[in-house]
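Q: Below, each chain spelled out in residue letters.
There are 2 protein chains.
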Amino acid sequence: MRASRQVREAVERALKAAGLPPLDWYDALWEIEQAPEGIRPNALETRLLLPQYGLSRLIARLVEAGYVARGPSPGDGRGQLLHLTDAGRAVRRAMWPVYGAALTRTFAGTRAESEAARLAALLKGLTGEGRPPQPPIA
Amino acid sequence: MRASRQVREAVERALKAAGLPPLDWYDALWEIEQAPEGIRPNALETRLLLPQYGLSRLIARLVEAGYVARGPSPGDGRGQLLHLTDAGRAVRRAMWPVYGAALTRTFAGTRAESEAARLAALLKGLTGEGRPPQPPIA
DNA sequence: TCCATGTAGATGCAGTTGCATCAATATTGG
DNA sequence: CCAATATTGATGCAACTGCATCTACATGGA
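Going down the list, the sequences are from chains A and B. Per numbering that gives the first Met the number 0: the first sequence = residues 0 to 137. Per numbering that gives the first Met the number 0: the second sequence = residues 0 to 137.
Heads up, a few of these hints could be off.
Simulated restraints, written as ranges between beta carbons of each label pair [said to hold, decoys possible]: (1) A:Pro35 with B:Arg39: 50 to 60 Å; (2) B:Gly99 with A:Arg77: 18 to 28 Å; (3) A:Thr45 with B:Ser72: 49 to 59 Å; (4) B:Pro73 with A:Ala115: 45 to 55 Å; (5) A:Arg104 with B:Ala93: 32 to 42 Å; (6) A:Asn41 with B:Gly99: 28 to 38 Å; (7) A:Pro71 with B:Glu112: 42 to 52 Å; (8) B:Tyr52 with A:Ala59: 40 to 50 Å; (9) A:Arg4 with B:Arg12: 30 to 40 Å; (10) A:Gly18 with B:Pro50: 40 to 50 Å.
Under 8 Å between C-beta atoms, here's a sample of chain A residues computed to sit facing chain B [what the hints assert, rightly or not]: (11) Ser3; (12) Arg7; (13) Leu14; (14) Asp75; (15) Arg77; (16) Leu102; (17) Thr103; (18) Arg104; (19) Ala111; (20) Leu122; (21) Leu125.
Derived by calculation from the structure, the hints in this document are not laboratory data. Yeah, the Cβ is synthetic: ideal placement off N, Cα and C, and Gly gets one too.
All chains, please: the whole structure from these sequences, using the hints.
A: Here's what the structure looks like:
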């Protein structure tokens with residue numbers, strides 16, 4: 000718990016210092032970007048492992064910021080389809096170097112650095128297996 | 000991040016279901032209990048890796064719940080000395096089985112279970128080394 | 001001694017979270 | 001076809017967080 004909080008706070012501080020949105024936004028923007036055909040909130044929910052109400056409000060913030068557009072969900076009047084806007088793509092891209100640099104700084108020099116793959120494997124088992132790897136490179 | 004959130008939420012749910020206080024309280028109660036001569040908030044701050052205002056308010060809640068008593072700090076009129084009350088000891092003790100059981104459930108059957116020591120070592124490097132192990136057994 | 005600076009801890013405010021619940025649409029069994 | 005139930009997503013409320021700032025006491029130097 001301590002480790003994850005330390006890491007998260009380091010990343011959050013770096014993003015804030017760079018005038019960028021908080022960390023949660025990154026994952027959400029990334030997942031939405033991966034679905035050019037649009038993605039529905041309930042699908043995001045399982046991918047991001049967020050509670051329903053949390054995601055609902057996160058989306059509201061992203062929409063208000065102009066990073067995400069809501070559209071109707073074909074064939075289901077309850078749902079909606081989310082798409083990334085150009086601004087959304089731009090900010091996600093801008094976030095990555097800052098995010099990555101903060102991570103690098105945190106891990107540099109620790110045992111976890113050389114054994115990252117092993118650490119990731121161990122932790123992945125805890126998330127209920129769930130989702131595919133999250134490869135946020137470019 | 001996902002792994003730690005999953006674990007934390009599982010523990011929080013278990014504690015709440017048992018009518019017990021949230022997880023943060025456990026660590027704080029534990030650390031205070033370890034210092035029968037009393038401990039000062041600023042010392043707790045470094046042990047718990049909490050921000051100053053967060054700890055200040057956590058202590059306020061613990062005091063209001065009757066689990067912690069504030070006393071004057073000898074030789075420093077600004078400070079205070081915290082002690083656990085009997086109720087505090089009791090609730091900390093009551094929390095542990097629930098806490099532990101939730102952890103066991105989360106780790107059971109994962110690779111992390113058999114490699115707990117390795118995982119702990121990797122993660123510990125990330126917390127800035129900091130503190131001694133946190134052995135909340137009895 | 002007095003002032004400048006440093007440290008301990010508290011707090012107002014705005015934003016976020018968890019919980020419970022709601023409205024709207026979908027689906028299913030009779 | 002309709003009523004019962006399930007699913008999707010939103011929201012009021014109370015609690016909690018981060019940030020900036022504040023008060024009170026402490027300490028060091030002129």
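Q: Could you run down the list of hints and mark each one as holding or not?
A: Cross-check of the supplied hints:
| no. | hint | in the structure |
| --- | --- | --- |
| 1 | A:Pro35 with B:Arg39: 50 to 60 Å | holds (56 Å) |
| 2 | B:Gly99 with A:Arg77: 18 to 28 Å | violated (41 Å) |
| 3 | A:Thr45 with B:Ser72: 49 to 59 Å | holds (50 Å) |
| 4 | B:Pro73 with A:Ala115: 45 to 55 Å | holds (48 Å) |
| 5 | A:Arg104 with B:Ala93: 32 to 42 Å | holds (40 Å) |
| 6 | A:Asn41 with B:Gly99: 28 to 38 Å | holds (34 Å) |
| 7 | A:Pro71 with B:Glu112: 42 to 52 Å | holds (46 Å) |
| 8 | B:Tyr52 with A:Ala59: 40 to 50 Å | violated (27 Å) |
| 9 | A:Arg4 with B:Arg12: 30 to 40 Å | violated (19 Å) |
| 10 | A:Gly18 with B:Pro50: 40 to 50 Å | violated (21 Å) |
| 11 | Ser3 | holds (3 Å) |
| 12 | Arg7 | holds (6 Å) |
| 13 | Leu14 | violated (14 Å) |
| 14 | Asp75 | violated (28 Å) |
| 15 | Arg77 | violated (26 Å) |
| 16 | Leu102 | violated (11 Å) |
| 17 | Thr103 | violated (13 Å) |
| 18 | Arg104 | violated (11 Å) |
| 19 | Ala111 | holds (5 Å) |
| 20 | Leu122 | holds (4 Å) |
| 21 | Leu125 | holds (4 Å) |
Hint check: violations occur at hints 2, 8, 9, 10, 13, 14, 15, 16, 17 and 18; the rest are consistent with the structure.
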